[in-house]
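Colleague: Residue-level listing of the chains:
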Amino acid sequence: MTGDAAGPLRLALIGLAALSIAGSAVELATLRHWNGAVQLIPWAVAGVLAVLTAVLAARPGGGAVRVVRGGALLAILASGFGVVRHVVANYDTAPLDRVVGPRWESMSEPHRWWEAASGGVGPAPTLAAGVLAQAALCLLAATIRHPAIPRGGAGTAG
Amino acid sequence: MRRSLRILLAAGLAAAALTFAACGSDDDTSSPAGTAATTAAATTATGADTAAATGTVSANTASAGELIAALEANGVTNADKWAREIEEYRPYDASDPQLTHLQDELAKYNPDPATLAAILEVLTP
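In order, the protein sequences belong to chains B and W. Going by the numbering used here, the first residue of the first sequence is number 1, and it counts up by one from there. Going by the numbering used here, the first residue of the second sequence is number 1, and it counts up by one from there.
If we strip away everything but chain B, and leave its shape as in the complex, we get:
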């Protein structure tokens, strides 16, 4: 029987993904991130990632591993969308800020977008949505040379 030499590392990555997903869910709940349909997207992404994590932890077959890879890639895209939405939200509400607001009209567009993206203005944490992308990357990494997917020459199987 061929073992998975990377098994412990694979489990560690799956565990890290699980922790990131759980932490994200707690953060979303404390922020009451459910005002409108768009704010429900990270909840759906977290749910999908949780399922993919469970699938990967349960010694899946090759097909399931491929599904995990595809789902993780979609989650990364969704997280990127979330980061963009946060930056745009900060940009839109910048005129309301008592420090930045008075000089907003005189600022150049690049400067405005930099303030919005770098946390200089607005209520949305710009990179917070990236935590789910990190979890997805952990899952992707956990599928590298997965024993359920035969490799040419090695012929391993889970």
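Read the hints as simulated data drawn from the structure, not as lab findings. Incorrect hints may have been included.
[To be verified] Simulated restraints on C-beta separations:
no.: 1; chain 1: B; residue 1: Val-26; chain 2: W; residue 2: Thr-61; range: 16 to 22 Å
no.: 2; chain 1: W; residue 1: Gln-103; chain 2: B; residue 2: Ala-37; range: 24 to 30 Å
no.: 3; chain 1: B; residue 1: Ala-54; chain 2: W; residue 2: Gln-103; range: 37 to 43 Å
no.: 4; chain 1: W; residue 1: Gln-98; chain 2: B; residue 2: Val-67; range: 46 to 52 Å
no.: 5; chain 1: B; residue 1: Gly-23; chain 2: W; residue 2: Asp-104; range: 21 to 27 Å
no.: 6; chain 1: W; residue 1: Gln-98; chain 2: B; residue 2: Gly-119; range: 39 to 45 Å
Just so it is clear, CB atoms sit at the ideal spot from N, CA and C, and this is done for glycine as well.
Assemble chain W onto chain B, guided by the hints.
Modeller: Frame of chain B; chain W shown alone:
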């Protein structure tokens, strides 16, 4: 165009308030036969009268246009953006006249304290 409509709406509300206030002083001379109907109509209009007269609107039920008009009438700049945020964080506790939940949410935008006060002045739960 939209700004002109908001100004007209605010002016209309102010005119309505003055009109109802003037009509209210004539109620003492109304005939007994029409008192009940007059009272009912006056009761129905009381909420609108009060809101128009005091410039307050409900944070829970006011439309975007009503919110914007009330905010602008009280000197709040970027009224459209503030109105959108007020709508976003509904509903508000009807038993909380201070609108504590709304205050907490609007604080995230780091507003000028005077602006925040002006916003809350025109809002009721």
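Colleague: Next step is simple, just say for each hint if it's right about the structure.
Modeller: Hint by hint, here is what the structure shows:
1. B:Val-26 to W:Thr-61: 16 to 22 Å: Given a distance of about 33 Å, which is not inside 16 to 22 Å, the answer is violated.
2. W:Gln-103 to B:Ala-37: 24 to 30 Å: Because 26 Å falls inside the window, the suggested range holds.
3. B:Ala-54 to W:Gln-103: 37 to 43 Å: holds, 41 Å
4. W:Gln-98 to B:Val-67: 46 to 52 Å: holds, 51 Å
5. B:Gly-23 to W:Asp-104: 21 to 27 Å: Hint holds: Cβ distance 23 Å, inside 21 to 27 Å.
6. W:Gln-98 to B:Gly-119: 39 to 45 Å: Because 30 Å falls outside the window, the suggested range is violated.
Of the numbered hints listed earlier, those contradicted by the structure are 1, 6.
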